[in-house]
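Visitor: Note that numbering that gives the first Met the number 0 gives residue 12 to position 13 of the sequence shown, counting from 1, and the numbers run on in steps of one.
Don't read these hints as lab results, they were simulated from the structure.
For glycine and all other residues, C-beta sits at the position ideal for the given N, C-alpha and C.
Be aware that one or more of the hints could be misleading.
To be verified - The calculated label-pair distances, taken between Cβ atoms and stated as ranges, are:
id	residue 1	residue 2	range
1	Thr-15	Glu-141	21 to 27 Å
2	Arg-149	Gln-87	33 to 39 Å
3	Asp-140	Pro-43	50 to 56 Å
4	Ala-48	Ser-103	21 to 27 Å
5	Leu-142	Phe-44	16 to 22 Å
6	Pro-49	Ser-84	29 to 35 Å
7	Glu-151	Phe-19	25 to 31 Å
8	Glu-141	Asp-61	41 to 47 Å
9	Glu-151	Asp-41	39 to 45 Å
10	Trp-30	Leu-142	23 to 29 Å
11	Glu-141	Tyr-37	42 to 48 Å
12	Asn-79	Asp-41	27 to 33 Å
13	Ile-34	Ala-66	18 to 24 Å
14	Glu-60	Trp-30	41 to 47 Å
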Amino acid sequence: MQQSPITSTTQPGPSTVPQFVVIHDQMQQSWKHPIVHYVFEDEPFPSNAPKDRCILVNLKEDGESVADCYSFSHTFQVSNYKISSTPQMNTTGPGSKESSITTSLMLTIEGMSAKNSTGNNENQFGYKEEFDQSSNVFELDELVYDYKRRIELMRQLFT
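Please build the complete structure, drawing on both the sequences and the hints.
Guide: Encoded structure:
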């Protein structure tokens, strides 16, 4: 999955908007730190934003919670999102050994991307098109686990 620009819409003023953004792709089990561009309510949406790699996050007025989150990409869909506190170490001056701990907000977006085709008789979801009956590698436990995991992800996407 490529890095996706994220656009947040909120009232200008709150200084507590998320400082860090992370995207967790549940299908590929990868974490990305995207490019973030904030758009406030009184600003027009940028016309040059790549819509095929854009996730729109609408923050509530307090800037500390998410109203809704949408992906414009047909290859990535958002399944969950949350804002959490992240501690940061700050030094008080150059060469100083004194430090203070402050908290910042981190937005975590979870979702699923379409799997890239591998060319070895698998479709876009990673399932073999043809079942090789002569192979004992295909185990029922793995099939059941994979099925349950994907059903749970589908529930998150469509509820």
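Visitor: So, for every hint listed, does it hold in this structure?
Guide: Comparing the hints with the structure gives:
Checked against the given bound of 21 to 27 Å, the beta carbons of Thr-15 and Glu-141, roughly 44 Å apart, lie outside it. In this structure the supplied range 33 to 39 Å holds for Arg-149 paired with Gln-87, their Cβ-Cβ distance being about 37 Å. For Asp-140 paired with Pro-43, a C-beta distance near 53 Å keeps the hint of 50 to 56 Å intact. Here the CB-CB span from Ala-48 to Ser-103 is close to 25 Å, well matched to the stated 21 to 27 Å.
For Leu-142 and Phe-44, the hinted distance range of 16 to 22 Å is not satisfied, since their beta carbons lie about 44 Å from each other. Between Pro-49 and Ser-84 the beta carbon distance is about 30 Å. The supplied range of 29 to 35 Å therefore holds. Roughly 27 Å separates the CB atoms of Glu-151 and Phe-19, a value that falls within the hinted 25 to 31 Å. Hint check: Glu-141 to Asp-61, Cβ distance near 45 Å, so the stated range 41 to 47 Å holds.
For Glu-151 and Asp-41, the Cβ-Cβ distance of about 40 Å falls inside the hinted range of 39 to 45 Å, so the restraint holds. A hinted range of 23 to 29 Å for the beta carbons of Trp-30 and Leu-142 is consistent with their spacing of about 27 Å. Between Glu-141 and Tyr-37 the C-beta distance comes to about 43 Å, which sits within the given range of 42 to 48 Å. Distance hint for Asn-79 and Asp-41: a CB-CB separation of about 29 Å, consistent with the stated range 27 to 33 Å.
The beta-carbon spacing between Ile-34 and Ala-66, approximately 22 Å, falls within the hinted interval of 18 to 24 Å. The hinted range of 41 to 47 Å is not satisfied by Glu-60 and Trp-30, whose Cβ atoms lie roughly 29 Å apart.
Hint compliance for this structure: hints 1, 5, 14 are broken, all remaining hints hold.
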